[in-house]
Amino acid sequence: MESRECKIGVYICNCGTNIAKVVDCEAVREYISELPQVAIARTYKYMCSNPGQELIIQDIKEQGLDRVVVAACSPRMHERTFRAALQTAGLNPYMFEMANIREQCSWVHDDPQAATEKAKALTQAAVFRVAYHEALEQMMVDMCPNTLVIGAGIAGLTAALELADAGQKVYLLDKQDHLGGNLARVDLTAPYLDSARDLLTERITRVKTSDNIELLLNSRLQELKGYVGNFSATLVSVDSDDTEENKAQKIEVGNVIVCTGYKEFPAERVTHFGYGKLPNVITSFDFEKMLRAGRIECKDGEIPNYVAIIHCVGSRSPEYHGYCSRVCCMTALKYVHEIKSAIPSCYVSDLYIDMHAFGKGHEDFYRRTSEVKTMFLMFGKGDHPIIRSAGPKDDCQMLIEVNEQLSGEVIEIPADLVILMVGMEAREDATETARLVNISQDKDGWFIESHPKLDPVATTTDGIYIAGTCVAPKDIPDTVAQARAAAGRILAKIAKGKIAVDAIYAEINEDSCSGCRICNELCPYSAIEFDDEKKRSHVLSVMCKACGACVAACPSGAIKGRHFTDQQMFAQIEGVLR
Amino acid sequence: MAIRVNPKIIDDLEGYGAEDVQLCYHCGNCSAVCPHADEFNVFPRRPMRYLQMGLERKLETSLEPWLCYYCGQCSDQCPRGAEPGETMMSLRRWLISRYDITGIARLFFKSTKVELAAVIIVALLTGIFFLGFGLWQGDINVYDGSNAFLPSSFIHNFDLALGFLVALFIGLSAFRFWWFSMGGKSAVPIPWWLYIKKVYLLPWHFFTQKRFADCEKETTRRIYLPWLAHLGLMLGYVTMLFIVMVFVKQLQAGPEINWSVHVFGYLASLGLLIGAVYMLRGRLKKNRTQYQRSHGSDWIFLVLLFIIALTGVTQHILHRSGLLLAANIVYIVHLMVVVPWLLRMPFTKWAHMFLRPLGMYFSAVRNEALTRQRSGIETTVPARKVA
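Protein sequence lines correspond, in order, to chains A and B. Note that this note's numbering numbers the first sequence so that position 301 is 294, with each residue one more than the last. Note that this note's numbering numbers the second sequence so that position 136 is 118, with each residue one more than the last.
In case anyone wonders, no lab produced these hints; they're calculated from the structure. A portion of the hints provided could be inaccurate.
To be verified - Below, in silico cross-link-like pairs of lysine-lysine (DSS-like), each with a Cα-Cα straight-line distance of 25 Å or less:
1) Lys256(A) <-> Lys282(A)
2) Lys491(A) <-> Lys528(A)
3) Lys366(A) <-> Lys92(B)
4) Lys366(A) <-> Lys199(B)
5) Lys386(A) <-> Lys40(B)
Unchecked claim - To give an idea of the interface, some chain B residues facing chain A are shown, with a C-beta separation under 8 Å as derived from the structure:
6) Ala(-16)
7) Ile(-15)
8) Pro(-11)
9) Ile(-8)
10) Gln4
11) His8
12) Arg31
13) Gln34
14) Met35
15) Leu37
16) Arg62
Computed from a predicted structure; not experimentally measured. Built from N, CA and C at the ideal position, the CB exists for glycine as well.
Take the sequences, apply the hints, and build the full model.
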C-alpha cells in the first residue's frame, strides 16, 4: 500500500479501568508509534474529558497534526465529541477516525494478551484508513415552514395548536368527518375523572378558529415526495380512488407529524368470553357509549346489580398481543367509580392479571377504588375466567368461574353485565401510512422511533415525526407530551431556517452511470431519482443515509460512498490484517 | 367445584367493625409479622382475602380469628391501613353471631342501641323483682341471716338457675363452633384420639393466655402489660364467678370476715378493677393499636364489668361498716347489672373467654391431623405396635 504524506496523532484511552484492565494500552501506544505516518501517540485516562480533548487540540496546534485517531469506546458514544475537538483546533472534523477498543475488546475478551493484539490491529486499521480521509463539508438546505399533521385526535390537535400558536402554517388531516379521534369516544378520564369532552372541546374550538390551521377532514394522504424541509404531499378525499387525480390537492410542507392513533382490539377474536353471543358481555368501548348516553343498563333495560370487569382482553397474551396496553387498568378503575356513582348498590368485581398502576396519581386512584369496595380478583396469566349463563334460581344473569390466585380458590361470581377491557392495536392502515411516509413498523405494527429512549418522536426518516398511540399504547399525558415534543422539534428546525445535512452520502458519477436503475429500487430511503432526460440516476443527498447499498450494487462502479470510499475501506482492512 | 361468593358479606361485616378490609392488597406483611401465623394458619391475610371475596363458608369454618389476641403488630405494619387486627376482631364478633343459634348476638353486634335497650329493660325488671321480693318477705335494714332483705339461699338458687341458662347457650354455641370448624362442615378428617391427646391445651390456654404473651416474643421491646391486664381481668372474673356461684352464702355472711373465701374475693375484685380501669383508660386514650377503635359492644362490656366490681366492693364495705340499708340498696343495683350481664354473656364479646381457648385447642388438633395426613400417617386409628 502506498503511504501518504500525513501527520497522524493517535490517542489511546484507558477509560478509567474499563479498557486498561484488559488491554495493555501502553503496548498499543508503543506499537502504533512505530508506524511511519504517526507523528505522536499518547495514552490518557479519559480522552473524552475536557483535559483529554485539550490534549488533542494542543497537539494539532503545536505539532501541526493533520489527522487524528482515537482508540476508545464506540463512535456512537463519542465520535461527535472528538470531531468537535478537531473543529475547535481548526481541522476539518472528518479528518478523524475512531477505533473501538472498549466494546469490541476489553468488554468482550478475558485474555489480556489477545485483547491487546486485537486493539493494536483495530487502531492500526483506523490509522491506515484516516490517511485517506478527505475534508468534507456539511450541506445546508432550505426549510419549508409548513407542517402536515396526520390524524386529528388529541395528539394531532395538540401538535397542530403548538405549531399554529408559534405562528406556523399547519395542515391537519383526518380520515374522519370530525375532530377528536378515539378520545371523542370516551366519557371520563382516569385518574382524576375529568371529562374527555372538556379536554377536547377547548382544543377543537381553537383549532377550528385558528388562522394558521387548515383542516382537511374526510381526507387521506395519497403520496409524499421529497425530503426533510421540502416535502410535497398529495391529499385526496377518502372516497376517491387513486386514479382520480383531478380531485387531489398538492401541498408543500417541511415536516410531517404522524399521529394516526390506534384501534381497539376486536373482542370477537377471543371466543371464550362469549362476546357477540352472550348479550350482556360488552367491550370497554360499548360501555363508554353507555356512559356517554348516561344510563348503565343490561340489554333488557334492567339496571345491573352485579358488574364484572375483565382486564387484558387481547393484551399480554401469546395468542393475541404480547404487550400491555397501558391504559386499560386505570380505565377499568374509572368504570368502577362511574358505576358506583350511578348505581351505589351495585357490586363490582374487577378481574385482573396484574394491576398496572404506574403513572402519576394512579396508585392513589387504585387505593380509592379499593375504598369503594371493589372485589379485586386475580387470575393467572395464560388462564382466563369462564362466563356462563346463570340458572333461573340465581339472582344474576351470568356466573363467572375464576381460579383466583390470591386465595388459591376456584370461585364463582355473579354478574349481570361483563365489561371486557379491550387493548389497543395498530390500525389496519398503519402499514399503508408507514409506506407512504417511509417509516418502519415493529412486529406489532407500531411505528418505530429513531431511538426508543433518547429520540422517541423522531424516525429514521428526517422530517417525519411520530406521536401518540400510533407509536405504542399510551395514555393521554404521554400522548400530549409526545405531540408537543414533535412540534417543539419542528419549531426548532423552523427557527434555524436552514437545515444541515450530514456530509456523508452517496454520489453517482454521471459519466459512468449506465442508467440501469438497479439502485433506484434498492434504496431503502427513496433517495435516488432517475433523470428521464439525461437517462442517468442521481442521489438526493439530503435523503441519503449512507447505508452503501447502492455503492455495492452498482454494476458500473459509478457510485461512491463519501467517507466510505474503496480506498478507505481497503486501507482499513489492510490495517486489521497486517 | 367452584365456590359461590357472596359479595354482600363485606357489607355485613362493616356492622361488626371491619371497615377497612377492602383496602388490603395482599402484600402479606401482616402474616409475616404475626408471631402466631404458621404454615397451616396464614392469617390475618387469608381470612382477609376470604372476607374481601365473600367466601362465607370458608370464613365460617375458619379457626384463625380465634388464634389472635389482637396485639396490633399486623395493623402497625399494614402499608395500606387495612387494619388486619381490627378485621380479626370483627371476624370474632361475626363468628360469635354465627355460632349463636338465637340470632340475639347478631342483633346486639349490629346495633349497640338494641343491646343497651335490652340491658336496661332486663336491669329494670331485675330491680323491680328484687325490690318487690325483698320488701315482701324481708326487712330492708337486714343484710343477712333470718329476715334478710335478700336471703343468700335464694340468691344462691337464683345464681344456679341463671348459670344453667348461660351454660346451655354457651354450650350450644361451642357445639356449633365445633361443628363448623371440625365436624360436618370441615374438610379435614380428624381421628378422635387427637382430641384426647391435646385436651390439656384447653385449661392451659384458658388459665395462662400464654399465646398473648407470645405476641411479644419477636419484638425488640417487649410489652407484657396488655397480657397481664387481660389475664388479671379474666382470672378475677372467673374466680368471682366461681365463688359467687358456690360460696355466695359465705360471702354474704358477716360482719366478720371469712378469710378462706373472702381473700379470693378481694384478689378477684382487685384483678377486675385494675384490668377494667386499664382497658377503659386505654380505649379512652387510644394509646395502643388495639384500642384505636372501640365497637359499642366493647364499651358495654367494660363499663358493666366495672360497675359490677365497684358495686360488689361497695356493698361489701357498707355491710362491714354496718350501713345495712345502703348495703341492700347497692346490692339491688349490683344485681341489676349482674343479671343482664350474665344473660347477655353467650351472645356478646364475653363468649370469647371460652371460644378462644377452644379455638386454640381445635387448631392444635387440626394441625396435627393435617401434619399426619401430609406425611401419610394413618389418620383414623393410632398406629399399632408391631409385636
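Hint-by-hint comparison with the structure:
1. Lys256(A) <-> Lys282(A): With a Cα-Cα distance of about 16 Å, the restraint between Lys256(A) and Lys282(A) holds, given a limit of 25 Å.
2. Lys491(A) <-> Lys528(A): Roughly 31 Å between the alpha carbons, so the hint for Lys491(A) and Lys528(A) is violated.
3. Lys366(A) <-> Lys92(B): 20 Å, holds
4. Lys366(A) <-> Lys199(B): The hint is violated at about 35 Å.
5. Lys386(A) <-> Lys40(B): 23 Å, holds
6. Ala(-16): With Cβ-Cβ at 4 Å, under 8 Å, it holds.
7. Ile(-15): 5 Å, holds
8. Pro(-11): Since chain A brings a Cβ to about 4 Å from Pro(-11)(B), closer than 8 Å, the hint holds.
9. Ile(-8): 6 Å, holds
10. Gln4: Where the cut-off is 8 Å and the nearest Cβ of chain A is about 5 Å from Gln4(B), the hint holds.
11. His8: Check passed: Cβ of His8(B) comes within 5 Å of chain A, closer than 8 Å.
12. Arg31: Given a least distance of 5 Å, the restraint on Arg31(B) holds.
13. Gln34: 7 Å, holds
14. Met35: Constraint on Met35(B) satisfied, holds at 6 Å.
15. Leu37: Constraint on Leu37(B) satisfied, holds at 7 Å.
16. Arg62: 7 Å, holds
In this structure, the hints that do not hold are numbers 2, 4, in rising order.
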